[in-house]
Amino acid sequence: MSVSNLLANWSQFRQAHPTEGDFHKEYKWAMAIDLDACTGCNACSVACYAENNIPVVGKDRYARGHAMHWMRVERYWDEDNRDMPDQGAQFLPMMCQQCEAAPCETVCPAGATNHTPDGLNSQIYNRCVGSRYCSANCPFKVRYFNWWDFPKEENVFADPLPLQLNPDVTVRTKGVMEKCTFCVQRLTVAKHNARNEGRLVQEGEVQTACQQSCPTNAISFGNMVDPESRVGKQWKAQQVDLAADKQVKDAGDESHEVGEHHSGTQLRGYRIFEELRAYPSVMYLERVRESAV
Amino acid sequence: MAKDIREDISWAQINSDVLKSLESPRPMYWVIIAIALAMFSLFVGGEIYQYRNGMWVSGQNNPHVWGLYIATFIFWIGMSHSGTLLSAILHLMHADWRKPIYRFAEAMTTFSLMTAGLFVMVHLGRLWQFYYSVPYPNERGLWPNFQSPLLWDAMAIFTYLSSSVIFLFIGMIPDLAICRDHLHPGWRKKLYTVLALGWEGTDRQWRNFRVTYLTVACYLIPLAVSVHSIVASDFAMSQQPGWHVTSFPPYFVAGALYSGCAAIITLFIILRYVFRFEEYMTLPILKKTARLTFAIAMVWTYLNAIEFASVWYSHDQASKDVLIQKATGPYAFAWWGMIICGSVVPLALAFKKVQTNIPMLFSVSLLLNMGMWLERWMIVSPTFSHGYYPWTWDHDQFPSFLQWGMVFGSFGWFTLLFMIFCKVFPSISMYEVKEMVYHRSLASKMGGKGGH
Ligand code: SF4
Ligand code: SF4
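So the protein sequences, as listed, match chains A and B. Residue 275 in full-length UniProt numbering sits at position 275 of the first sequence; the count goes up by one each step and never skips. Residue 94 in full-length UniProt numbering sits at position 94 of the second sequence; the count goes up by one each step and never skips.
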């Protein structure tokens with residue numbers, strides 16, 4: 001883009017979806033999470049721990065803020081002073097949103113976190129120097145730093161747990177940042193298999209661990225470029241556009257405040273912190289039930 | 001008004017007074033060195049402990065991924081700016097009262113940058129891989145991320161550090177020649193001989209010297225401004241509430257000059273006593289420095305008010321919440337401490353009595369420095385405790401002993417470097433003081449007011 005072109009189209013440059021061209025030609029991995037179906041059972045979180053060799057840090061370190069839950073199930077209450085699920089908790093599974101314009105990517109001094117052509121926010125553990133700038137700039141705070149030398153901590157992978165470590169995934173050392181990868185090890189295998197057969201990955205061929213373990217099927221995951229994919233259909237049905245910073249659901253809502261939108265439509269699809277223009281790849285479907293479970 | 005310096009002081013006297021500081025400081029000097037050494041060993045011990053155990057020992061966590069290390073890093077970077085202010089900016093403005101004090105201010109620049117560098121290292125999770133974030137040619141064709149403000153930071157600091165070392169060195173050449181000519185043979189004489197670069201004080205040498213000095217001074221000023229603007233970009237370029245503020249770069253530069261001036265007063269008073277520099281570091285000069293500090297304090301206060309106002313009227317609820325948190329939340333003590341030390345205490349400097357009262361000035365300057373340190377802490381931490389994402393709000397985190405210890409220890413490292421410098425190199429510029437005395441006596445002989 002030449003300078004004059006840049007200046008002439010400044011506002012478009014700032015607002016347009018940042019990844020075009022070679023990006024998303026064959027794959028664009030995306031997710032949709034139905035909050036109405038989510039029961040807060042935490043199976044996704046457990047599956048993620050198992051699949052990705054995430055250290056289980058224990059109560060003390062959890063209390064210190066050293067938990068590594070790439071997938072965390074958050075609880076919210078409509079009213080204050082509640083702390084039991086049967087008092088009307090609402091749940092929100094939260095993991096890296098694989099932002100298309102990821103705030104974490106631009107700030108990493110070493111270039112350890114990057115965007116892949118199939119729409120993932122990748123994290124290169126070997127390249128990470130541990131400046132933690134990415135976590136500082138992530139609006140969702142879904143990046144987890146290895147404060148300890150977890151693989152060497154006796155309680156984290158106590159015997160016989162090392163026997164169940166996933167051989168496709170590394171065990172991270174102290175001082176590096178990690179986060180949800182959309183189970184990239186599974187995606188890679190699926191893509192290689194498909195390529196060997198001269199085709200693209202089909203819908204249903206690959207699942208993330210969290211999706212696979214969800215008993216209510218609240219999580220769908222797939223390739224949005226594929227018109228047959230469930231996730232693509234869901235996004236379309238909800239009229240959620242990857243490249244927009246305000247969705248149809250919130251049309252007519254003039255609020256510019258972060259997280260303060262009120263829908264006038266019947267649509268349920270939204271992305272968190274749309275206003276920050278990070279363009280997340282995860283769409284949430286608003287809850288329609290009353291609070292009480 | 002009292003004179004900045006006695007006009008009848010002889011040149012030989014200046015030489016011998018300053019050279020004496022290289023030989024026999026007061027006993028207090030050794031006490032300071034010992035304390036600084038002890039503090040620095042604390043720092044080294046802390047770093048070894050953290051290196052072996054991982055970053056958890058620093059007590060940081062998720063979401064508090066940055067803490068006192070980064071805050072203190074900004075503090076030290078800021079401290080470095082006043083050296084450039086005194087030596088380069090005031091040099092161009094022909095303010096000749098800076099002459100007896102600019103050398104140590106410049107040394108302060110260099111050493112506070114070196115201290116700031118320590119904190120970058122200490123902060124990194126994988127210190128042993130720090131070179132990944134500097135651009136070095138390698139066979140894999142891997143470069144750092146040129147978009148990252150942290151990378152700009154590293155480059156700006158390296159540039160500033162090397163330039164300020166060169167500036168300090170160039171300004172010292174004539175003095176090094178004096179040292180070379182006056183000292184007894186020994187390792188020091190050899191050192192000065194090498195460093196003086198064969199200076200003989202010929203006309204041609206002086207002419208070249210002046211041109212070089214001026215050029216480097218002109219080069220250094222934009223560098224100083226850019227360095228702290230870039231440190232401000234670390235925050236302003238992110239999109240976190242409380243950081244994403246357009247006025248941050250000038251605000252940071254003002255804060256830097258402010259804390260630097262306060263530190264100059266502190267060190268002025270210490271050096272004056274320890275090296276018996278009462279003749280040169282006089283009260284009228286101290287008074288001028290105090291006035292300068294007062295002016296900069298008011299600029300900083302104004303910019304602070306602008307920042308609060310622009311956050312308040314921006315209708316950006318998240319940023320507003322952070323501001324409210326600062327004033328009323330768990331950090332309120334530090335935030336109000338910053339306001340009091342940074343904006344109220346300097347009002348004392350407006351009074352003539354305080355401007356020349358050494359114990360008063362000393363305590364005021366320490367309070368100002370504390371205020372400025374708190375300011376940096378209040379920029380970094382509250383945003384983490386109350387960011388965009390409510391589920392990760394964490395209002396209880398408090399830096400661990402290790403972080404406090406490292407901050408404390410870094411003062412030891414700085415003092416150590418600084419004090420060793422002052423004993424090995426002339427911390428008062430002899431040739432410029434001579435010029436100052438000469439010009440002033442000339443001016444008073446001709447009936448002028450003296451000085452520029
Ligand atoms: S959610 Fe956070 S970590 Fe994930 S891509 Fe976005 S900014 Fe980066
Ligand atoms: S996609 Fe994979 S890595 Fe991400 S939260 Fe789900 S299980 Fe964990």
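Hints were generated in silico from the structure; no laboratory data involved. Treat the hints loosely; a few may be bogus.
Unchecked claim - The calculated lysine to any residue pairs, modelled on SDA-like cross-linking and capped at a C-alpha distance of 20 angstroms, are:
#, chain 1, residue 1, chain 2, residue 2
1, A, Lys59, B, Asp396
2, A, Lys152, B, Arg126
3, A, Lys59, B, Trp391
4, A, Lys152, B, Gln397
5, A, Lys59, B, Gly59
6, A, Lys152, B, Asp316
7, A, Lys152, B, Tyr51
8, A, Lys59, B, Lys288
9, A, Lys59, B, Gln397
10, B, Lys288, B, Tyr49
11, B, Lys320, A, Thr216
12, A, Lys246, B, Gln317
13, B, Lys320, A, Leu276
14, A, Lys233, A, Ala244
15, B, Lys320, A, Glu275
16, A, Lys246, B, His315
17, A, Lys246, B, Tyr49
18, A, Lys59, B, Gln317
19, A, Lys246, B, Tyr389
20, A, Lys246, B, Tyr51
21, A, Lys246, A, Glu228
Unchecked claim - Listing some non-contacts, in silico: residues in chain B with all C-beta distances to chain A over 10 angstroms:
#, residue
22, Trp11
23, Leu42
24, Gly54
25, Pro63
26, Leu118
27, Leu124
28, Gly125
29, Phe130
30, Ile340
31, Gly387
32, Trp391
Backbone N, C-alpha and C define an ideal beta-carbon position, used for all residues, glycine too.
Practice item. Measure nothing beyond the straight line between the CA atoms of Lys320(B) and Glu275(A); if it is 20 angstroms or shorter, mark the hint as holding. Key: 16 angstroms, holds
Check your understanding: If you draw a straight line from the CA of Lys320(B) to the CA of Thr216(A), is it 20 angstroms or shorter?
Key -> 39 angstroms, violated
Check your understanding: Given the hinted pair Lys246(A) and His315(B), is their alpha-carbon gap at most 20 angstroms?
Key -> 19 angstroms, holds
**Study point:** Interface-negative label, Leu118(B) against chain A, beta-carbon threshold 10 angstroms
**Key:** Given that every Cβ of chain A is farther than 10 angstroms from that of Leu118(B), nearest at about 15 angstroms, it holds.
Check your understanding: Is it true that the CA of Lys59(A) sits at most 20 angstroms from the CA of Gly59(B)?
Key -> 16 angstroms, holds
Check your understanding: Are Lys152(A) and Gln397(B) close enough, with their CA atoms no more than 20 angstroms apart?
Key -> Roughly 26 angstroms separates the two Cα atoms, so the pair is violated.
Review point. Keeping to a limit of 20 angstroms between CA atoms, is the pair of Lys152(A) and Tyr51(B) held or broken?
Key: 15 angstroms, holds
Check your understanding: Is Lys59(A) close enough to Gln397(B), meaning Cα to Cα at most 20 angstroms?
Key -> Between Lys59(A) and Gln397(B) the Cα gap is close to 17 angstroms, so the pair holds against 20 angstroms.
Check your understanding: Keeping to a limit of 20 angstroms between CA atoms, is the pair of Lys152(A) and Asp316(B) held or broken?
Key -> 44 angstroms, violated
Review point. Holds or violated: Lys246(A) with Gln317(B), Cα cutoff 20 angstroms?
Key: Status holds; Cα separation ~18 angstroms.
Review point. Given the hinted pair Lys320(B) and Leu276(A), is their alpha-carbon gap at most 20 angstroms?
Key: This hinted pair holds, its Cα atoms lying about 16 angstroms apart.
Check your understanding: Taken at face value, is the distance from the CA of Tyr49(B) to the CA of Lys288(B) at most 20 angstroms?
Key -> Violated, because 45 angstroms separates the two Cα atoms, which is more than 20 angstroms.
In summary, the structure is inconsistent with hints 4, 6, 8, 10, 11, 17, 18, 20, 21, 24, 25, 27, 28, 29, 31 and 32 from the numbered list given earlier, while agreeing with the others.
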